[in-house]
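Enquirer: Protein chains in written order, with this note's numbering: chain A, 1 to 455; chain B, 1001 to 1455.
Among these hints, one or two may not hold up.
[As the list claims (entries may be wrong)] Listed next, with one range per pair, are the computed distances between beta-carbon atoms:
(1) Gly312(A) to Ala1285(B): 29 to 37 Å
(2) Lys1347(B) to Arg39(A): 53 to 61 Å
(3) Ser162(A) to Glu1340(B): 41 to 49 Å
(4) Gln280(A) to Glu1340(B): 58 to 66 Å
(5) Ser162(A) to Gly1428(B): 31 to 39 Å
(6) Pro1351(B) to Ser162(A): 38 to 46 Å
(7) Gly312(A) to Glu1093(B): 13 to 21 Å
(8) Pro351(A) to Ala1062(B): 43 to 51 Å
(9) His1408(B) to Pro351(A): 38 to 46 Å
(10) Lys347(A) to His1408(B): 48 to 56 Å
(11) Gln38(A) to Ala1062(B): 55 to 63 Å
[Stated by the list, open to error] Reference excerpt, derived from the structure (chain A facing chain B, CB under 10 Å, subset only):
(12) Gly138
(13) Met170
(14) Arg196
(15) Glu202
(16) Phe287
(17) Asn302
(18) Pro385
In short, the hints are calculated from the structure, not lab data.
Predicted model, so just to flag it, every value in this text is computed and none were measured.
Every residue gets a Cβ at the ideal spot worked out from N, C-alpha and C, and that includes glycine.
Here is how the chains run, residue by residue.
Number of protein chains: 2
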Amino acid sequence: MNAHEYAAANASRFLDQLKDLLRIPSVSTDPDRKADMQRAAEWLADDLRRIGMPRVEIMPTAGHPVVYAEWLGAGETAPTILVYGHYDVQPAEIEAGWTSDPFEPIERDGFVYARGSSDDKGQVFAHVKAAEALLANGGQPPVNLKLLIEGEEEIGSPNLSSFVDKHREMLKADVCVISDGGMASMDQPSIVYALRGLVGMELEVWGPAQDLHSGQYGGTVHNPVQALAEIVAALHNPDGSVSVPGFYNDVLSLSDEERAELDKTPFLEADWRRATGAPQPWGEAQFKLHERVGARPTLEINGMAGGFYGVGFKTVLPGKALAKISCRLVANQNPHHIYELIRDYVKLITPPTVRSELRLLQAGEAAFVDRHTPAMQAAITADEPGWGQPPVFAREGGSIPSVADFNHKLKLPVILMGFGLNDGGAHGPNEHFSVQLFQRGIQTAIFFYEAIAKQ
Amino acid sequence: MNAHEYAAANASRFLDQLKDLLRIPSVSTDPDRKADMQRAAEWLADDLRRIGMPRVEIMPTAGHPVVYAEWLGAGETAPTILVYGHYDVQPAEIEAGWTSDPFEPIERDGFVYARGSSDDKGQVFAHVKAAEALLANGGQPPVNLKLLIEGEEEIGSPNLSSFVDKHREMLKADVCVISDGGMASMDQPSIVYALRGLVGMELEVWGPAQDLHSGQYGGTVHNPVQALAEIVAALHNPDGSVSVPGFYNDVLSLSDEERAELDKTPFLEADWRRATGAPQPWGEAQFKLHERVGARPTLEINGMAGGFYGVGFKTVLPGKALAKISCRLVANQNPHHIYELIRDYVKLITPPTVRSELRLLQAGEAAFVDRHTPAMQAAITADEPGWGQPPVFAREGGSIPSVADFNHKLKLPVILMGFGLNDGGAHGPNEHFSVQLFQRGIQTAIFFYEAIAKQ
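Chain A extracted, bound-state conformation (with noise of 0.2 Å):
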C-alpha cells in the first residue's frame, strides 16, 4: 500500500499517539513545567526514531531545547522540505472555563478536546505522522525532509532567531511549511500568505516626584494618569487611523485581484459581533473588516496603570503612568523605523508639564509570501485531493516571528498550510482539533511533498 493507504489505516494508532502527545502539559511559560517540556520533547524525538528518521537531536538553546529531525535520503538533486513547528502549548487552568481536564484528551463529536490540540501539536505531529507513511514499509519520501520544532512558540521565540543564525547550513532546504494556523471551515483549505509584524512598546509619564494628595496639589499638578490619556488620545485620528504622522508611508495598498481574492472568505459581521461581543464595528471604514485585520497595520493599547485601582476609593494624584502599546505592522513597515515615528511624536506631543518616554520592548517583522512561486503552486494542488477543494488566499492579522526569519535569514518560501479552525480556541478554554481534519491534514501534508517533488 501508498503512503495515502498507509495513513488511511493507521488513522486510529496515530490519534491515540497524539492523545499521548496531548497529556504531556508542555506549558512553555510556567518554570515549574520544564521536565514536561524536557519529557514533550523526548517524546517527540522517540517516536521520530521509531519512524525511522536517520538523525534526530534534542538540541539545547537558551531555553526550551528544539527537537530536530531529517531524512535526506531522497538526494541531491531532489528538492528538501524544512517542516517548522512547536511542541510547547498556552496555560490552561481548568477554572478558566474548560469543561474537561485540559491535558487529559477527550473526544466529542468529532472533536479532540486539550490544550495544544490545534496549536500546534495536533498539526505539527500531521507532518510527523506524513514522513512516517512515506517511510514505512522502506518506503522513501520523494523530497529530503527537515523537521525543526520548538518549545517556545508561545513565549514568543526567544531563542529560535538565533538558532536559526547558528545553524543555516543544516536548515538549508527549498521550502518551508509550517502548520499552525487555521482554515476558513472544514471544507475550506485556505493558505495564509501575510502574516503581520509586531513592535511591542511601553510608554511611561510622570510628573510629580511621588504620589501627591489630590487635595493639596489637584488642579496645580498635570496628573500624570491623565495626561497619559491625553497622550494616548491623540495617538488616534477619529476616524480610527492611527495619527502618528508617516506610520502608513510604508504600507503596500492591495491590489483589485488581491482585494477579489479576500472577498472569497470574508469576516461577516455578524461573525464578528458572534466573535466579539463588541456593540459595533470600529476602525478605518474604508477598509472591509477582514482588510483591517490582515492588510492594515494597527497601533493597540494592550494596557494601562497607574494610581489606586483597586476596590473603594483613595484621593490620590498618581505620580506616574504606564501604557502598553504594540503595532501590528503589514509588509515593507520596518519596526524600528515605526517605532521611532511614535517614539518622536509621543515627545512632540508631551506637554512641558510632565515628562514621557516611550521604550521599544519588541520588534519584528511583516511576512509576506508571493503566491505566485512553485511552492504555493504546490500547496494549491495537493489541497484539492487534500480536501476536495482549491485553497483560498488569506492574510491573517497575528505574528508569527519565526515566519519572517525563514523567509529572510534562510530567504525561503514560506507555506502557511493551516489545519485547525478559526474558532478552534488556540489560546482560549476548551481548545479542540477536528479528528478529521487531522487526517485530512496529514493527506495533505503527503500531497504537498509529493507535488514539491514532482517541481
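With chain A's structure known, arrange chain B on it following the hints.
Expert: Frame of chain A, contents of chain B only:
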C-alpha cells in the same frame, strides 16, 4: 495660679502623656489593630475622667468607638463648645522611609516624631490639656465643654454622620472647634474657613465580552482602554479647566477682599516645585496656585487600569478598563448634582462602539465658614496672645467630611484652628509635631474658650 500658668507649669508632664498616647498604634484601617483602637479610646477616656470631666463615655458605632466627654458646669446661660478630633492614625511602616519607629516617639530639634503626633493626637490632646488646666485646682471653665473624639477619621468617618444624627441633643452647642490642620509657619497662626467637598466615582468602559487577540481583532474593535483614555482626555479643556458642561455653574467667585486675604499666605512656585518635583505648574492660569487649590473645584484621575501592565509584554486587546475619578468641590456645589453632570456628559461622549458606566462611590459637601461671626472673632482674639499675632485666613484644598456634618446638621459655626505645620508629614513618613506648637496650642485653646465666654 490660673489655667495659663498651670499649663505652663505642667508642660513637660503633658508632653510625656502625649508620648504615651502616641505609643498606641491606633491604625483605624488595619483590622489587626482593633485592640489598639480600643486601647487608645480607653486611654483617652481614663485621662478625661482623671482631669475631672463628670461624663465620659466610650460610645460604640458600627465601626470604631467614639470617645465622648462633657462638662456642663458653666450653666445653661454660658456658651457651649464642641471640640472635635480623632484618635485614629494613618498606617505607618518603618520601611516607608521613617528614620525611627513610628510608634516610639522621639524628640529631635524641638519636634516629636511619631505617627499621629500632628494628625491628630497632638492637636486634639491640646484641647484635653486646655480643659485640664481650666479644671485644675477646683477651677471652673468659663464655657460648657463637649469633646467628641472619633476613631474613623482616617477612613473617611463612615459612621460619624449617623452618630451625629442619633445624638443631636447631646451634641447641641454654640460653636464647634477642630484642631486638625496646619499653620503657614511657626509664628503665623491661620484659620481655615473653607474646605473642599468630594465626589468619588469610578468609570468603567467595556466593549468586547472578553479579552481578545490583538492580531485577530485589532483594528475592528474599539479598544476599551483607548476608549477610556479618549473619554478621560475629554474631561478637561486644553486650558486645564474641566470641560463638563455646568461644572462651574454654582461656584461662587472670590471677592477682591477675599483674594487679598488669601494673598497673605501665597503658595509660592518655589515651594510648589520643592513639594511636587513636577516640571511646571498646570491648571487654570487665571487663578493663582493657592486659589486653584482652595477656591476652585477640580476633577482628578486617581487611577486607571485595564489589560496587561506587568513586566514584559502581552498582545491582548483588553475587554474592559476602569478609571477612578474624584472631584474636589467648593462651597455651593452639590456633590450629587456634579456627579449627575459628569455622568450625563460621559454618556454623551461615549461612542457607540463601546459601553460605559459612571458609578458614584462617595459624596461629601464642601464646608464654608463665615469669617465675620462672633465665634470667628473669638478665634482671632485667642490667636493674638497665643501666637503674638492675629491669624491669617486660609482655604484648604482637602476635605474633612465631619465639618460639613457639624456645619449643616448641627448648624454650628466650625472654627478650624490648626496647631500643626503644613509640612508636618501628616500622611507620609516622619510625621512630626512641634513641642512649642503643642504648648502654644494649649494656651490658644484656653484663650479661645475664654474669648467665647466673654461674647
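Enquirer: Hint by hint, note whether the structure agrees.
Expert: Quick rundown of the hints versus the structure:
At roughly 34 Å, the beta carbons of Gly312(A) and Ala1285(B) sit within the given window of 29 to 37 Å. Between Lys1347(B) and Arg39(A) the beta carbon distance is about 55 Å. The supplied range of 53 to 61 Å therefore holds. Checked against the hint of 41 to 49 Å, the pair Ser162(A) and Glu1340(B) fails, with Cβ atoms roughly 60 Å apart. At about 27 Å, the CB distance of Gln280(A) to Glu1340(B) disagrees with the hint of 58 to 66 Å.
One distance hint, 31 to 39 Å for the beta-carbon pair Ser162(A) and Gly1428(B), is violated here, with the actual separation near 48 Å. Separated by about 45 Å at the C-beta atoms, Pro1351(B) and Ser162(A) satisfy the suggested range of 38 to 46 Å. Between Gly312(A) and Glu1093(B) the Cβ separation comes to about 20 Å, which falls inside the hinted range of 13 to 21 Å. Hint check: Pro351(A) to Ala1062(B), Cβ distance near 46 Å, so the stated range 43 to 51 Å holds.
Checked against the given bound of 38 to 46 Å, the beta carbons of His1408(B) and Pro351(A), roughly 40 Å apart, stay inside it. Under the hint 48 to 56 Å, the C-beta atoms of Lys347(A) and His1408(B), about 50 Å apart, fit the expected range. Between Gln38(A) and Ala1062(B) the beta carbons are some 58 Å apart, a value that agrees with the proposed interval 55 to 63 Å. With 10 Å as the threshold, the beta carbon of Gly138(A) stays out of range of chain B, its nearest partner Cβ sitting at about 44 Å, so the hint is violated.
Annotation: Met170(A) was flagged as interfacial toward chain B, and the flag is violated, the nearest CB pair being 30 Å apart, outside 10 Å. Residue-level restraint check for Arg196(A) holds (minimum Cβ-Cβ distance to chain B is 6 Å; threshold 10 Å). Taking 10 Å as the C-beta contact cut-off toward chain B, the hint placing Glu202(A) at the interface holds, the least distance being around 8 Å. Given the 10 Å rule on beta carbons, the hint for Phe287(A) holds: about 8 Å separates it from the nearest Cβ of chain B.
Proximity of Asn302(A) to chain B holds as hinted, the smallest CB-CB distance being about 5 Å (cut-off 10 Å). The criterion of a C-beta within 10 Å of any C-beta in chain B is not met by Pro385(A), whose closest approach is roughly 30 Å, and the hint is violated.
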